[in-house]
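Novice: Hey, can you piece these two chains together into the complex? The hints should help.
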Amino acid sequence: MQLGQRVYSGDDVQLLTASGLGILRGERVLFEGVSLTVAPGEAMVLRGPNGAGKTTLLRMLAGLTRPEAGRVNRGAALHWVGHRDGLKPNETPRTHLKLWAKAWGADADVDAILNDMGLSRPADVAARYLSAGQRRRAALARLMLETRPVWLLDEPFTALDAEGRDRVLAMVAGHRQGGGAVVAAVHGDAGFAASREMVL
Amino acid sequence: MSPAPILSAFRQALGEAWAGGAGALLPLGFFAGAAVLVPLGIGTEPGMLRAVGPGILWVSLALSSLVTLERIFQADVEDGALDLWLQTSAPVSAIAAAKTFAHWLTAGLPLALMSPVLALMFQAEAGTDLLSGALIYGLGGLAFFFWGGVGAALSATVRRGGLLIALIALPLYVPTAIFGSMAMSGAAGGDSAPLLLVASTLFSLALAPFAMAAALRLAAD
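Same order as they appear, the protein sequences are chains X and Z.
Positions 1 to 200 (the working numbering) are the ones given, in order, by the first sequence.
Positions 1 to 221 (the working numbering) are the ones given, in order, by the second sequence.
This is chain Z alone, in the form it adopts within the complex (with noise of 0.2 Å):
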């Protein structure tokens, strides 16, 4: 097998991602709006910031990773394109990995990038390690986009499907929101949190490509 349609799934969606103008973008500032209008809402009392920062920073990842989500595999069927992938001579869960992989990689990593500056604004304290903070919020984003892309995938031939995606992922959510809330707020027994977030996101990587290209084989049925 070579790796030769991988790496063009992989090309184009990443061209189809920057092709859209500000499609890219859309996300960021979603995730970014949604954490600044939490301290308004609140009240900027420092020390109630700092303990709801992180849990604040994970519900905006999860919901910012579900914006962009409805089109990658919907386009495709539209357009046609993904009768030619199903043709290829790859396995499609690496055509469907790929394409999700540089979905995150314009729409997911910015998030991840964002995040310590989101937290300096929750008034993380001096000594917080911002760099690995972004790392842990990055490793999640990945389970998140992958599980969105199984929704993404199974929704790919409804109109709107947007809730649908939110439907499906949203449960698949829940242990990368824990333990990645968990890794950050250093909550009791944090300290093997980090390993377990490590251990979701794995999990997502290693089955998520395999429900999406039974579903996309269902939605060109």
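Here chain X stands alone, though its shape is the one from the complex (with noise of 0.2 Å):
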């Protein structure tokens, strides 16, 4: 993807609306009328407790989690990152990456978004000999296969070190110059500039 390219036009469009959302966790009630708009270029930090309901809410609108009251509008193609990183055991950064550009026909240079992210050396290594932060960074560098208007992080910085931090900053930086949009469950410094903070 190009940095500072204007990839959609128009501000005035929604990437993401969701209105009057709720949602019962067994008897209980975790969270009802939430309601967000995402614009293109914007940043949205989802604060809360543990409990919250921040990971449900990302659910919700990843069309993971179906919600009990209100409705997602999706306009647009979205990135999910969830708090699981989506690797196999045996699968390495490499045919990580190679396995889900394929699945999503996505035409991307693997090998220069391994480097981007760091993890030329443990490219072929397999997921279960990685640290955290190796998983992390591969699961984050699934962002850079396919360029999508919306991308939804939980966590994301979790097991990252200060420089695989400053690397997803740069890369939600440059997602939002070129008009994307970022939804994501944070816990203390967001490190970037939110457009919007929502507090469940």
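Simulated restraints on C-beta separations:
| hint | chain 1 | residue 1 | chain 2 | residue 2 | range |
| --- | --- | --- | --- | --- | --- |
| 1 | Z | 109 | X | 118 | 40 to 50 Å |
| 2 | X | 76 | Z | 19 | 27 to 37 Å |
| 3 | X | 165 | Z | 174 | 50 to 60 Å |
| 4 | Z | 75 | X | 19 | 28 to 38 Å |
| 5 | X | 196 | Z | 3 | 32 to 42 Å |
| 6 | Z | 207 | X | 68 | 21 to 31 Å |
| 7 | Z | 158 | X | 49 | 23 to 33 Å |
| 8 | X | 71 | Z | 135 | 46 to 56 Å |
| 9 | Z | 91 | X | 124 | 26 to 36 Å |
| 10 | X | 17 | Z | 78 | 25 to 35 Å |
| 11 | X | 116 | Z | 129 | 54 to 64 Å |
| 12 | X | 28 | Z | 52 | 49 to 59 Å |
It should be emphasised that the hints constitute simulated quantities derived from the structure, not laboratory data.
All residues carry an ideal CB built from backbone N, CA and C; glycine is no exception.
Specialist: Below is the structure:
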């Protein structure tokens, strides 16, 4: 993806809208009446204590969890990086990225992406031997395989070192410059200027 | 719709099966072990072995198909791959069918290929066509794996869901087991049994993927 190039035209386009979202977990209302809109270039940070429903809200936005109330309108393709990395124990970062590039029909330079993510050294090491931070990098590298306007990130900085964190921040900045949007659940300092914060 | 995600799911499932070391051989060992123990238990009288052989092989086949099914979807839930598969452009039912078929190729097909050898151990008559026997065990096994896949998808979020899979899948195995044994033993009405077996396998191939897809969406919910 070329940084700084506007990929999506028109700032009035909403990439993602949700209205009146609510969900039950067991007998308890986890949250209700959550509405949000995400426009190109925006970054929304979800905050709240553990168990407040940040992950559940993100999964609803991704279409993985069905809301008990309200609706989600997905106006654009999205990338999902959940708190589980999605790597198989015997997959290497290289085979992982190649598999998903093929599955998505994306024409990406996997070697360059591995290099960008600081994964060129462990590129051919099976995921079960990788550190949590290396697996996280491989999961986040999927974001670069294909240009998609919306990124949904659940705790993207978990297990990353300072350098990895900077890389992700640069990716987010480039994505927003190109007219993409990010919705992320983050603890502590987000590191990027959020255009909106939502406390659950 | 492009078939790329379906092919990727198939290839990943094949890779997973072989990466587990001897994991793919586990059903084969179970199948052979169960069949070999029976003659030791009931005695080696040839007429008796010939009579019970096909039935024993069907029971062993049904049980060995359950040995490794537990992991095919549960692992995807645990490592997060299921979330990614649910978001591809391909129908979830096609993804689930591709994964189950890959699993049958690595764990079920070897069982069918092994069956002629075991049939010989059960004193199969000299004139028996062992190869078409293997084909029949293969077709029946395919149905077992697809019905078992429904159980595996339904219990994907359940720890130690093996027993649950057996409870869900075994009733669905009944038609295949009946038609399969009839086809092999040449019992009364056995002429149409192979066709009925094919029909029950096609029925499972047509229905099971949609049941698996619904169950997998629930597992991710």
